[in-house]
Amino acid sequence: MSERTERMPSQRQRPRTDSTVLSVDDLTVTIGTRRGPARAVAGVSWQVRQGETFALVGESGSGKSMTLLAATGLAPRAATVTGRVRLLDHELTALPDDRRRRLRGRHVGFVFQDPMTSLNPVLPVGRQVTEAAEEHLGLTRRAARDRAVELLELVGIPSAARRVDAYPHQFSGGMRQRVAIAMALACEPDLLIADEPTTALDVTTQAQIIELVADLQARLGTAVVWVTHDLGVVAGIADTVAVMYGGRIVEQGPVDGVFDTPTHQYTRALLAARPDPSRRGEDLVAIPGAPPSPLDLPPGCAFWPRCPVRADPRCEHELPPLTPVGDGHTVRTFYRGEAG
Amino acid sequence: MSDDTPDVIAELDDLAVHFPTPAGTVRAVDGVTLAVHRGETLGLVGESGSGKSTAGLALLRLVDPSAGRVRVAGADVTRWSRRRLRATRRHVAMVFQDPQASLDPRRTVGDSIAEPLVVHRLATSRTARRERVAELLDLVGLRADTAGRHPHELSGGQRQRVGVARALAGEPDLIVLDEPIASLDLSVQAQIMNLLRRLQRDLGLTYLFIAHDLAAVEHMSDRIAVMYLGRIVETGPPERIYRRPAHPYTAALLSAVPVADPRVERQRRRIVLTGDIPSPVDPPSGCRFRTRCPQARPACAETDPALAEVGPGHEAACLFPLDGERDGSPGEEGGATDRADIAGTA
Chain A
1 MSERTERMPS
11 QRQRPRTDST
21 VLSVDDLTVT
31 IGTRRGPARA
41 VAGVSWQVRQ
51 GETFALVGES
61 GSGKSMTLLA
71 ATGLAPRAAT
81 VTGRVRLLDH
91 ELTALPDDRR
101 RRLRGRHVGF
111 VFQDPMTSLN
121 PVLPVGRQVT
131 EAAEEHLGLT
141 RRAARDRAVE
151 LLELVGIPSA
161 ARRVDAYPHQ
171 FSGGMRQRVA
181 IAMALACEPD
191 LLIADEPTTA
201 LDVTTQAQII
211 ELVADLQARL
221 GTAVVWVTHD
231 LGVVAGIADT
241 VAVMYGGRIV
251 EQGPVDGVFD
261 TPTHQYTRAL
271 LAARPDPSRR
281 GEDLVAIPGA
291 PPSPLDLPPG
301 CAFWPRCPVR
311 ADPRCEHELP
321 PLTPVGDGHT
331 VRTFYRGEAG
Chain B
341 MSDDTPDVIA
351 ELDDLAVHFP
361 TPAGTVRAVD
371 GVTLAVHRGE
381 TLGLVGESGS
391 GKSTAGLALL
401 RLVDPSAGRV
411 RVAGADVTRW
421 SRRRLRATRR
431 HVAMVFQDPQ
441 ASLDPRRTVG
451 DSIAEPLVVH
461 RLATSRTARR
471 ERVAELLDLV
481 GLRADTAGRH
491 PHELSGGQRQ
501 RVGVARALAG
511 EPDLIVLDEP
521 IASLDLSVQA
531 QIMNLLRRLQ
541 RDLGLTYLFI
551 AHDLAAVEHM
561 SDRIAVMYLG
571 RIVETGPPER
581 IYRRPAHPYT
591 AALLSAVPVA
601 DPRVERQRRR
611 IVLTGDIPSP
621 VDPPSGCRFR
631 TRCPQARPAC
641 AETDPALAEV
651 GPGHEAACLF
661 PLDGERDGSP
671 GEEGGATDRA
681 DIAGTA
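Order-wise, the sequence lines are chains A and B.
Per this note's numbering, the very first residue in the first sequence carries number 1; after that it's consecutive.
Per this note's numbering, the very first residue in the second sequence carries number 341; after that it's consecutive.
Rather than coming from a laboratory, the hints here were simulated on the basis of the structure.
Be aware that a few hints might be false.
[Stated by the list, open to error] Partial list, computed: chain B residues near chain A (C-beta under 8 Å):
| id | residue |
| --- | --- |
| 1 | Ala530 |
| 2 | Ala592 |
| 3 | Pro598 |
| 4 | Val599 |
| 5 | Asp616 |
[To be verified] Footprint (simulated), chain B over chain A, 3 or more residues, beta carbon under 8 Å:
| id | stretch |
| --- | --- |
| 6 | 224-235 |
| 7 | 278-289 |
[Said to hold, decoys possible] Covered by chain B, per the in silico footprint, the following chain A stretches (three or more residues, Cβ under 8 Å):
| id | stretch |
| --- | --- |
| 8 | 168-176 |
| 9 | 193-204 |
| 10 | 207-213 |
| 11 | 254-263 |
Keep in mind that this is a model prediction, so the values were computed, not measured.
Glycine included, C-beta positions come from ideal geometry on N, C-alpha and C.
Based on the sequences and whatever the hints tell you, model everything.
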């Protein structure tokens, strides 16, 4: 057992080209409910390039997960999705379901919070890891098994050749998430979508999974979209970040810009609400109230009812436009005094 | 706490909680000694499987100890009957992680809060109960008319406030808080932490704060105990634990916590532990952390280290405790490399 004190691979060293893998343009998702239409996502636009990690951060109900589901054609039936989504050279939104499903299977890997979402409890993990690859890459059973061992080794499962026949329940939570990542990578996807993949894990296991994804990304050049509520995780993994609140992106840009000069009051409040060891004994800067319901969103900025500043009265009634404030850094607010 | 000898409000003495399972005996808590001092917040941290929640449940005798003693307010309650325990439960209350699960969905918030009042005969008339419920709701920052609502009508933060109000109903001295903010949104966590601290000040409460969120524990606690695989591996004041962790597990745990600053994250060296926490059915010989410890030496397999003093009020259960600052000091990273060399030769 040896110590691995490693640096996180620097974002700067990752293979990076300007080829956009996924672009989402003016995406809106409305879900019909018994209590009326819920506007889960409204006018969201972002893109992720090869070798880049894009983080979508927000609290429950912010629309971050629904954005991903809708972007990849996995929104629930009750949802009405508008806007344009491009995956590589394909206009996903213009394609029939089966074409879209094939493209998704071939080019996109998914990792969810609970690895059992993607794992079948009654099949050996090896079979599952390459199930999709058998179909999409036309592998034989024999070749698929070899590939499964290779993939399990790649994600750091010890004694992979033996463990390939084990069942999901014989793995710990962290190891199961590794298996789910192996499965997501089986088709060598151009895009890896990770929806809160470390939220259910302990911090030491989370650190292992973050290292693993960063390492795989550096080697394979995969574009990664990582959904999380944890600003610390964002700071560690992301090149660019979008902060969502009430179904909209309120602030977006390179991770350094957003963390150095957070400009939307919500972003600033989120960063300020974390305990700070240098201010032990003081009250935390809490945000009053609770996030809004997608059934009952305010007309202007969704954060207005909880906003500690409320300096520009237009924010209450008018939707502020996304305005550039720095290099690739945009903010949805009228008020920008005292920022940065 | 001006006195030198702390007033112990509750304690676990060499406590073990073992659960028989088909796979063998799970040693969830395996020799834990822990005293909660009146007026303090004692933070109990550890990852899943560390036994921290079981230790908290044992303090309330909500699980039965297999060995060792549980003392509450000076009385040895280890073998007390359920009925006799009911009286202590008034003095020791609990707040759970998921208020959704701990509140009866069919009862109104007022009825849930009033239940301890009925059980402990603290308010016998309906009017007295209603008044007391309104008082408790006010204490936790909820409007009196919340009493008539059902849990599903409330937000997560409001539900957790109800959970706190219910815990306060018996006028407890000690509240065991088991992951009270873990299922709340970040913007709401700060509200609940502020509320808990205000209540502690105003009502003179003592807390056992059980959590895996190390930043929250640091903020809330006067003292901290770190658990790993059924044992306490380190205890001390937060400024010692976070600045100069002596146990390699504590150091690894702290280094794994992400910081909301991209530059810090890019520079930092994580001590990434290999492998998983071993099975509590068959813990390793000697030090339980040695199978994952970057600093393990042959002696660690032989000797099961006891907690020993490494600084003022600071104890660690390690044969080769670390000695040095963690963050911000340039010497720290060099130190880690030296230790890695030692591990390499072990």
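| query | Hint check: is the beta carbon of Ala530/B less than 8 Å from a beta carbon of chain A? | reply | Holds, about 4 Å.
| Given hint Ala592/B near chain A, where the shortest CB pair must fall under 8 Å | 6 Å, holds
| field | Per-residue hint verdict: Pro598/B, partner chain A, C-beta under 8 Å | value | 3 Å, holds
| query | Holds or violated: the stretch 207-213 of chain A covered by chain B, criterion of 3 or more residues with Cβ-Cβ distance under 8 Å? | reply | Per the Cβ count (4), the hint holds.
| message | Under 8 Å between beta-carbons, do enough residues of the stretch 278-289 of chain A, three at least, approach chain B for the coverage claim to hold? | response | With 7 residues close enough to chain B, the hint holds.
| Can the stretch 254-263 of chain A be counted as covered by chain B under the rule of three residues or more with Cβ-Cβ separation shorter than 8 Å? | Result for this restraint: holds, n = 3.
| Residue count check for the stretch 193-204 of chain A against chain B: does it reach three with CB-CB under 8 Å? | holds (count 3)
| said: Restraint: Val599/B near chain A, CB-CB cut 8 Å. Satisfied or not? | reply: 5 Å, holds
| said: Under 8 Å is the threshold here; is the Cβ of Asp616/B close enough to any Cβ of chain A for the hint to stand? | reply: 4 Å, holds
| Within the stretch 224-235 of chain A, is the number of residues with a Cβ closer than 8 Å to a Cβ of chain B three or more? | Coverage by chain B holds for the stretch 224-235 of chain A (7 residues, Cβ < 8 Å).
| Whether chain B covers the stretch 168-176 of chain A (at least 3 residues having a Cβ closer than 8 Å to its Cβ atoms) | holds (count 4)
Violation of the numbered hints given earlier is absent; every hint is satisfied by the structure.
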